[in-house]
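Chains as they are written, first to last, in the UniProt record's numbering: chain A, 1 to 409; chain B, 1 to 354.
A few of these clues could be false.
[Claimed, not checked] Pairs of lysine-lysine, DSS-like flavour, derived with a Cα cap of 25 angstroms: (1) A:Lys189 x B:Lys269; (2) A:Lys183 x A:Lys159; (3) B:Lys11 x B:Lys70; (4) B:Lys269 x A:Lys53; (5) A:Lys53 x B:Lys193.
[Unchecked claim] Quick look at which bits of chain A chain B covers, simulated, 3 or more residues with Cβ under 8 angstroms: (6) 43–50; (7) 53–62; (8) 135–148.
Hints in this document: simulated from the structure, not taken from any laboratory.
Where is the CB? At the ideal position from N, CA and C, for every residue including glycine.
Read off the chains here:
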Amino acid sequence: MNRKFVNKLALIPAIMMMVFVVGCNKIEYTDLADPAYLRVFNDLNYTLNMQDKDNKYPSLCMIIDPVLDASGLPTGGRVVGDFLDKREPYAPPYPSHVGNSASVQNPEYPGKESVLVGPVLNGFDLSSWAQVPAGKLRIVFYYRPYNNTPFFNLDESLKRDVVVDTTITLGVKEVYTLHVLQKDFITKKNGILLRQENFEKLSLSDSLAYVNFYNYSAKGFAEADYSLKPQGSNLVSFKSGIKERMNVYLTLYNGQIEPTKATILPSYRGKFMGTVERNTESNRVSPYYSFPLWAAAGSNGITTDLWQRFEFLAPELDVFENPYKDAPGNVSQTFANYASANCLLNGKTRINSGSSYLTNGYLLPNLLVNVHSGTNNPQTFATVSTIEVVNSNVYLTTIQRKYPVPIYK
Amino acid sequence: MNNIIFFIKYKGRICFACLMLLCTLLSACKYDDLSVTKPNENFRLAGDFLRNNYDYSLFYEALDYTGLAKTLNEPGPFTVIAPNNTAFNELGIQLPSDIRKLNRDSLRQAMAYHIIPRKLTFADFPVNSVDVRYETLAGISLYASFATFNPTYPEYPRNAIYFSGCMVMRKDVPLVNGVLQAVEKVMQQYPGKTVQNWLAERPDYSIFVAGLKKFGLWDELSGAGPFTIFAPKNSAFIEAGITPKVVEQLNTAEYIGPRLFGAYIIYGKDYFISDRDVFETINSEGNFILTTRNDNSKFTWFGPDMALEAAVYSWYYRVYPTKNDIAKSDNLCENGKVHTLSGVLVKLENCKKN
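For reference, chain A alone in the conformation it holds in the complex:
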């Protein structure tokens, strides 16, 4: 055999060997046996104001099972959620804030740091829920300065300011939402509330949109003097907060492009949904109320232009003859008797109207998801949502369901 040929032949196993060696790069996937699914919100939404000038900005660092050194200083932990800023009015079904911001601050946990997130569980996308070990966990929230320095790199003196230090017990493959909130407006006592969700266990219809309500306001906020409350003009009718017990009414409007000219669906004009009570102690889940996706006459079953207006009224008030319905325009304030929220488009569109009635709604995104799907542009999908009132702010959390696959023909 030709010697040159032998040489060339020897090259082949050498190259193959090289390919094998390179190919043997072992990837170790992070895996968590028996996880629980946890989403954390920082509901401490108080603002610095003239009356409470020395308040600390509520930027937090969460540490689960912290590791402390001899002097009690945290040096690490099993799970760390740093830069936990005040939550945003809208918590979308998937962590879109990760791609929409260059800031290190997180409006919720899981934040921008890569962590294991939940799967699609019983048709619900849990990509906004982090996987954490189930069982009994110690959880500590620290105040941190509002800057870009990671918590463990901060000065020693800044790492001892504990907001809450407690234990929680999480069940395997259960879904939890954890709130850090102010429990008492007078004493400024803070605490946490761990809510075990049940939406993934309910049998829900595809053609109904579901929503439930919570009032996680601090005790004494609604009764406090107006000057002690946040004054942001975006808070509109929620500036005074809402009372201990409120009735919730839904009005469905058809037409998002010109909301002031939208027609009201006759059977959904001030429709009573349920009652919401202030609660910062119990972790019970509020019942879900629903409205049909195709409530408008002549709906084609593909897309609808409905938007929702929720009104919160003190039990003795009538939704149609309500003296505060023009607050805070013609009537200066509501004294916590009335508040409204408009769920319209992406929650950024102000309604320009001569009357204060429609413009006094807190801006939130539509409960219905309108997206391009297959040959339909747009197609409307139902969601499961939660509306939480915390003092003078209101938050919408939308949970995305597993939608049918797009059809291209």
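Following the hints, put chain B in place on chain A, whose structure we already have.
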């Protein structure tokens, strides 16, 4: 033909020679123009920068007189909060020679308060924060507030910075050993002095002091506080008909002291004159309204103005602080702050008991 044979025979060597020649040619090329843009070397040391800037001649004189100018030429880094000449003029200092007449030790303390021994540019400050403390060369902290944006309209940022009540007019002037933040007001602090000491030492406020003493409001001003005092000057009281003699002869049983003299004091609060601006930005607080302590009159603080009005509308006075008032405000004492007013919030006839 011979040439071709020669070429074929020595093809390898010729190619090698050509390659070597090419390498030689390439490496021989000089790339004179291939230097990156040189960094600007004209930035000066903080001390030299101030010496050569006529707008800061009084500030430099004060630094030179107290020996701090040399410190500012050291490696640093420093953040210099530099008051311009107008700021000194407002305090009655017109010429460099006026500086030399001042007590050197207290001036050194005052000027060292304008220097932070670290470099702080706009990007280093936390957004929408109030009273962030930074240690100064004076050994005590100054209070920085940042009115960055209104949360309702974050797309229209304001980006205002205040150091102990002084607004930064020009941010981030680069220096070789730090950064300069230009202000139009001298920061004034009085460590170890209470608001009571401050007022007692200044004859210009003697009518206000006499009034507070007359109505039993004086002694508590040496306590823990904090207090925010808008102290009217004597000229303001005299213009309103409240002369030292009138105060002396006042019958305390006939007049409401907490209104006549107490309305100028915010008890339990510690405000810089700029705080109203800051909170207007970060919390949309259009005005700040308080009920006067032990009285029913209503105190309102608008932009820089303030007003006092009757519980049931019958009288209303509004005072517009002058530029000089603002320059002489924000006197930082141990237990509060004293600001200056050149008008009064209420007249004698509105304070009679029924």
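Quick rundown of the hints versus the structure:
Using a Cα cut-off of 25 angstroms, the hinted pair lysine 189 of chain A and lysine 269 of chain B holds, with the two alpha carbons roughly 22 angstroms apart. With a C-alpha separation of about 23 angstroms, the suggested pair lysine 183 of chain A and lysine 159 of chain A falls inside the 25 angstroms cut-off, and the hint holds. The hinted pair formed by lysine 11 of chain B and lysine 70 of chain B fails the criterion: a straight-line CA distance of about 74 angstroms is larger than 25 angstroms. Using a Cα cut-off of 25 angstroms, the hinted pair lysine 269 of chain B and lysine 53 of chain A holds, with the two alpha carbons roughly 9 angstroms apart.
Straight-line distance between C-alpha atoms of lysine 53 of chain A and lysine 193 of chain B comes to about 23 angstroms, which keeps the hinted pair within the 25 angstroms bound. Restraint check on the segment 43–50 of chain A versus chain B: 4 residues with Cβ-Cβ distances below 8 angstroms, three needed, restraint holds. Counting residues of the segment 53–62 of chain A whose beta carbon lies closer than 8 angstroms to any beta carbon of chain B gives 3, which reaches the threshold of three, so the coverage claim holds. Under a criterion of three residues with beta carbons nearer than 8 angstroms to beta carbons of chain B, the stated coverage of the segment 135–148 of chain A is upheld, 3 such residues being counted.
Violation of the numbered hints given earlier is confined to hint 3; every other hint is satisfied by the structure.
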